[in-house]
Amino acid sequence: MNVALPLGWAVLLPVLLLAVAWAAVAADVVVAGRAAGRPVPWTTAAALPGREALRLLVGQRRRAVAGDELLRGVGGAVLPIAALLAAAVLPLGLRPVADLGVGIVWFNAMEVFAWAAVWLVGWGANSTMSLIGGYRFVAQGLGWELPHMFALITAAIGAQSLRVSDVVAAQQGLWFVVIMPVAFVAFLLSVAAMAFWGPFGAPVGRDLAGGAAAELGGVDRLVVLTGRWLLLVAAAAMAVPLFLGGGHGPWLPAWAWVLVKTLAVLAALVGLRHRIPTIRMERWTEFSLVVLTPATIAQALVVTLVVLGEGGV
Amino acid sequence: MITLALFVVLAATAIVAGALVFRVDSMARATFLLLLSFLAVAGLVLMTGLQYLGVVIVLMMVIEMVVMAVFMIMYMMNPAGLMTMTMFHNTRGAVAIAATVFVALAAGALVVDWPVRGGVPAPDLTMALGESLMSGQMLTMMTLGVTLFATIVGSVVLATGRGRYDRLGDDLGAAESDDRDRGGVGR
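Chains as they are written, first to last, in the numbering used here: chain R, 1 to 313; chain D, 1001 to 1187.
Incorrect hints may have been included.
[Unchecked claim] A partial selection of chain D residues facing chain R, derived with a Cβ cut-off under 10 Å: (1) Arg1029; (2) Leu1035; (3) Met1065; (4) Val1067; (5) Val1095; (6) Asp1179.
None of these hints come from the bench; they were simulated from the model.
Don't be surprised by glycine CBs; every beta carbon is placed ideally from N, CA and C.
Same shape as in the complex, but just chain R:
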């Protein structure tokens, strides 16, 4: 059953995502200030995303000698576009902008464009630090993609549907996080990892002088950083329909619950970010392949058995 929102919402979706991303950036600035021992007043923090965006808009772009400007431009542009397309299947309330029958696979397909985007941005600059940053992201991606896919599949098994609105409908009584906690944790890890953010920020790390983003200035930098935050917001918001009951909840309307839960997930991510150091690729890859992947497969198996036991399929 197709329950997509009217088409006008497609125009509103980027605005909503940007607004939530703005709030997340402001919160991150406040938390970072506190962690550094130099508290930032929240009024300053709230205005900072706008000021930074304006500064980058009028700032000078950077071009390296013999860089591949075309590939770098494509890579940068793909990042925000992929985030928006992935968000198209997010139920804003109980109904998404595009209610695809294979919504979960669509989300996954759009968000892996980040692989290509970050690598292209790193490659196109023709700079060693950028190139290493791009390769770091691919190495990390090989680590998080499998647990991430198993986490998505587990939610789909629980609802016996790849349609995101069906997954929400299946959680009317019990949130999926209760019966699939391992998948939820793996998903949250991959949310931060796909946005190369927080503990997974090695691709743009300080030890690489900015890594994949090292040679970005002006509007190029603005597009990539915005795309990164949009990706984080879209992926964090996806945790709500998949594991946290979507728009279901007492008293408030569905859209309000989605907003509250999304902000709660983002708050948890932003709050944890400054307590966890950046993880190195070789550590993350080994942990991901040796611990996380088998754990998420076992989680999928348990949920499958529960579904079969309840007479599903």
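Given the structure of chain R, go ahead and fit chain D onto it with the hints provided.
For chain D alone, kept in the frame of chain R given last:
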């Protein structure tokens, strides 16, 4: 009308991007032009109504092309693959092979007496695909899966420089390995 226009645009993109793979002088551009070609093909698959297969092609091809870019550049003959290069090798032989294959496939498409569709498509094509793979084609898929897995394990075993006996001693008794790059699990 819109369907026809969409088909023409996607088909042209697939062919032109595919041909450009051999015209550009950078491995990165060649790889991502190939990706563009595959994405156009995925669009064509989506146009036939096969949602799941179309989206899975997008998913797999993006990951696959990025991984391929890494490997292709790694194996290129100039350091880091940053210098210009050409995709042509054995030009005459390649022309002959490509022309023969094209003529054979095009002739096949035009000459074969395509059957008329009998019956109607299943209401849920994803479900139908899953049932086909997990019932009628189960043996094929299982054989395929085990073969692929054995290939992966075999390649890793052949490629690895230091096996577990190097890392943990002849009786595997060492408490910790002496790896230069320590992994995250601690052994």
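Structure-based check of each hint:
1. For Arg1029/D, the interface hint holds, since its Cβ comes within 10 Å of a Cβ in chain R; the closest pair sits about 7 Å apart.
2. Satisfaction of the interface hint for Leu1035/D is found here, the shortest Cβ-Cβ separation to chain R being roughly 7 Å, below the 10 Å cut-off.
3. A hinted interface residue such as Met1065/D counts as satisfied when its beta carbon comes closer than 10 Å to some beta carbon of chain R; here the least separation is about 7 Å, so the hint holds.
4. Taken as an interface hint, Val1067/D checks out: its beta carbon lies about 7 Å from the nearest beta carbon of chain R, inside 10 Å.
5. A hinted interface residue such as Val1095/D counts as satisfied when its beta carbon comes closer than 10 Å to some beta carbon of chain R; here the least separation is about 29 Å, so the hint is violated.
6. Look at Asp1179/D: its Cβ gets to within about 9 Å of chain R, closer than 10 Å, so that hint holds up.
Against the hints set out earlier in the document, a violation occurs for number 5 only.
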